[in-house]
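Trainee: Using the sequences plus the hints, can you model the full thing?
Order-wise, the sequence lines are chains P and R. Heads up: the first sequence begins at 1381 in the numbering used here, then just goes up one per residue. Heads up: the second sequence begins at 545 in the numbering used here, then just goes up one per residue.
Hints were generated in silico from the structure; no laboratory data involved. Quick caveat: nothing in here was measured; it's all calculated off a predicted structure. Yeah, the Cβ is synthetic: ideal placement off N, Cα and C, and Gly gets one too. Check each hint, because a few of them may be wrong.
What the hints assert, rightly or not - With beta-carbon atoms standing in for the labels, derived distance ranges:
#1 P:Leu2092 / R:Val572: 43 to 53 Å
#2 R:Tyr595 / P:Arg2093: 47 to 57 Å
#3 P:Arg2072 / R:Ala567: 26 to 36 Å
#4 P:Leu2092 / R:Leu624: 30 to 40 Å
#5 R:Leu624 / P:Val2119: 39 to 49 Å
#6 R:Leu566 / P:Val2065: 51 to 61 Å
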Amino acid sequence: MLRNVWVIPLIPAVSFVLILFFGKRLPRKGSEIGIAAVGIAFALSLVAGVQWIDHVNDAESAAGGGESASGAVLSAAAEEHDEADQGPPREGEGQEDHGVAGEGQGGGAGAGEGEGGPAEEGGHGVEPVVTGVTWFEIGDKPFEVGTFVDGLSVMMLFVVTLVSLLVHVYSTDYVHGDRRYTHFFAFLSLFTAAMLFLVVSRSTVQFITAWELVGLCSFALIGHWWEEKPNSDAALKAFLTNRVGDIGLLVGMIVLFFAAGSTFDIPTINTLANEGQISHLVLLVASCSLLGAVMSKSGQFILHTWLPDAMAGPTPVSALIHAATMVVAGIYMVARFYGVFWNGLLIGDSNINLLAVVGAVTVLGGAGLAFVQNDIKKVLAYSTVSQLGYMAMALGVGAWTAALFHLFTHAFFKACLFLGAGSVSHAVHSFDMKADMGGMRRFMPRTYLTFMVATGALIGIFPLAGFWSKDEILAGAGQLGGGGDGYVLMLVAGVLGALMTAAYMTRCVYLTFFGEPRGAAAQHTPHESGPRIVVPLCILAGLAVVAGFVNLPDTGAFSGIPESLALRFEHYVEPVAPYFPEISHPEFDIGIALVSTLVAALGISLAYAYWFRGAFHGGTERSRALRAGYRVLENRYYFDHLYTGIVAGGIKGPVAKAVYWFNQNVIDGIVNGVGIGARRSADWVYANIDQRIVDGAVNGSGAGAEGSGQLLRRMQTGKVQQYGAMLFGGTVVLAGIIVFAF
Amino acid sequence: MLLNQFLLLAAVLFCIGVYGVLARRNGVMVLMSIELILNAVNINLVAFGAYRDAIAGQVFALFVIAIAAAEVGVGLAIVLLLYRNRASIDLDTVDSMKG
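Mentor: See below:
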């Protein structure tokens, strides 16, 4: 399977075509094809995951030789493998989660080094599974396309297919009866195919293609209900904002192409970057360009503005594309090209760098904006922005595994939150928390329960998924970096972000599920959604509970955890190979864990006091500073004003005028000058060459022919006797010549 | 043998024939002049044949007479058609091939 992983994206791609052509004639309007295709893709991803785990174990046993430690690792891994094997057939959430746990940890062999184990063992690495066919050749240089599978790809395959499958099932109910139901499923299939294609890309060309394809699907699905102007505007905004970043992507990829000696091959590029064969300056330029693409695709400040607007699309789309999968493409890109970023931004040696700063700003900026939104999906959208900031920050401080682990857990609990929000809005036909919700926990107990679990995971309550991943990020920010000082600013931002996350989620939960029903919720009694909505919610909530256990720390307070259970995610996902930099890992820090938990509790209690108890109300009326702050947040830091008013306005005004002047005077001058010159020379050519020489020759030959004809026609009198006389005269002349000359 | 006299006679006849062919406007007269030319040739052939005591000259003369008869037959037919079409056999008026 690992060598034939190209089949996995192909299945949804075929499904897209089938749905488009035959969907409308089928009894369930094409949704059955989509679900079947994604289901098969999910099953194949599980197979790929199991095989990857085997692959890692084989590589270790080959490298470890007779050392006892490696034997322990091997048996541990075998256990995991068994779990993974048994997972899929069972339908229960908990059991499936175990399967997930085993599966999700495809990855590098580094964990063998754990605690005083044979660290050298990691040095041998686990070869990724690379396949390729030659696409075209220029000269004798072949350009290959193919698949590049390592733990990261396998983990992404699993996340994408699982969330996509659940969203497919959810959508059959949620968009039931929609006028473009079939197209909706066709595009979900295409999106899934594109995203899977992205994660197994081997060459940068494939990567860019898939990157643009997921952008296209995002555009099409945001604008699913394009008849309403705001929706099509939001789709355009998403598309255009992404184009800005895509320029960075193209520039970065081209720089890397030339820097790595004209190759599109991703492992080669990373290997060369790691071995120091590409100069630091080039890598810096490449990583800064690529960072633009990360900012647009993964909603980092300052190109995050499209993501909240993208909530105009149907809720399942928001869950799948704008929370769990597509928006993490930027994070995935950094993780995939980590050799470039690591060496370009000197992540291992510095205490502050661009990627980490962008991430930290996004954590705080996104969390701040989530406070003032009344639309439940926009709260979640800004929350997504903020969490993506955590991931970018983690990558920026060098905590690669923590970032990917957070991506993994975030996909589940954020998809669960979005789908829960969709379930609520399905019942009240509105997204406005303040106007149309409140008290929903009485009407929708299951949605409420799953939403609360996912909220807990997002806030980082102790045993839930978000606790482990967020804590790892904070530990990384505190311990990694040059000189052992850690990325202090990032640590502070992360902790503050945790406080704000707790507070805005408490507000969101309060407005939605507590208090008295308002508006639509009060007018007609809402009821719980059907099983096709609730079951995916339950599965995701279950994952939100247990996903964190796949990467239990084995240091600090958790040093008692047996090695076979600890750091499974890191063990299988993190590559240990020449194409991946040698990163160090943070240790579990009980202090940071306690602080972040306390801070989250503080956030919850502050928000609880404000909304549930009504403390501190009227602050914005009394304090000018608070009022100003509220207004800034309400206007989203004026970013939209900046873009439409200042940037776009600036271009429309003076810049446009200057361009117009340039156009009128310089370009038109050149064009007109060229035109006039051409006309003059053409006139001269016409008068002299064409009229005189060419026409002269033509007319002259005609006139000559006519003149000679006139001369000769006199002889043609038609009189027989004249002809006879000439004949006779000629004979006489000939006779004279013959007689006298010879 | 008096060859000179025969040759002189033939030359005179030939000249009269050439003049007739080139100068006469009547078609029948032109045909008759052609007969004069041919007969001048015949006199030459017979005279040289007798002079060199060879029979070939007389045989050629017989051939020429036969061909002259055929030529006059064709020529008179043309002149006849000309007269039927134009009520005239004046050769100066026959110039429809004028360029």
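Trainee: Hint by hint, note whether the structure agrees.
Mentor: Each hint, compared with the structure:
1. P:Leu2092 / R:Val572: 43 to 53 Å: Since the Cβ atoms of Leu2092 of chain P and Val572 of chain R sit about 32 Å apart, the hinted range of 43 to 53 Å is violated.
2. R:Tyr595 / P:Arg2093: 47 to 57 Å: 49 Å, holds
3. P:Arg2072 / R:Ala567: 26 to 36 Å: 53 Å, violated
4. P:Leu2092 / R:Leu624: 30 to 40 Å: 34 Å, holds
5. R:Leu624 / P:Val2119: 39 to 49 Å: With Cβ atoms ~40 Å apart, the hint holds.
6. R:Leu566 / P:Val2065: 51 to 61 Å: 59 Å, holds
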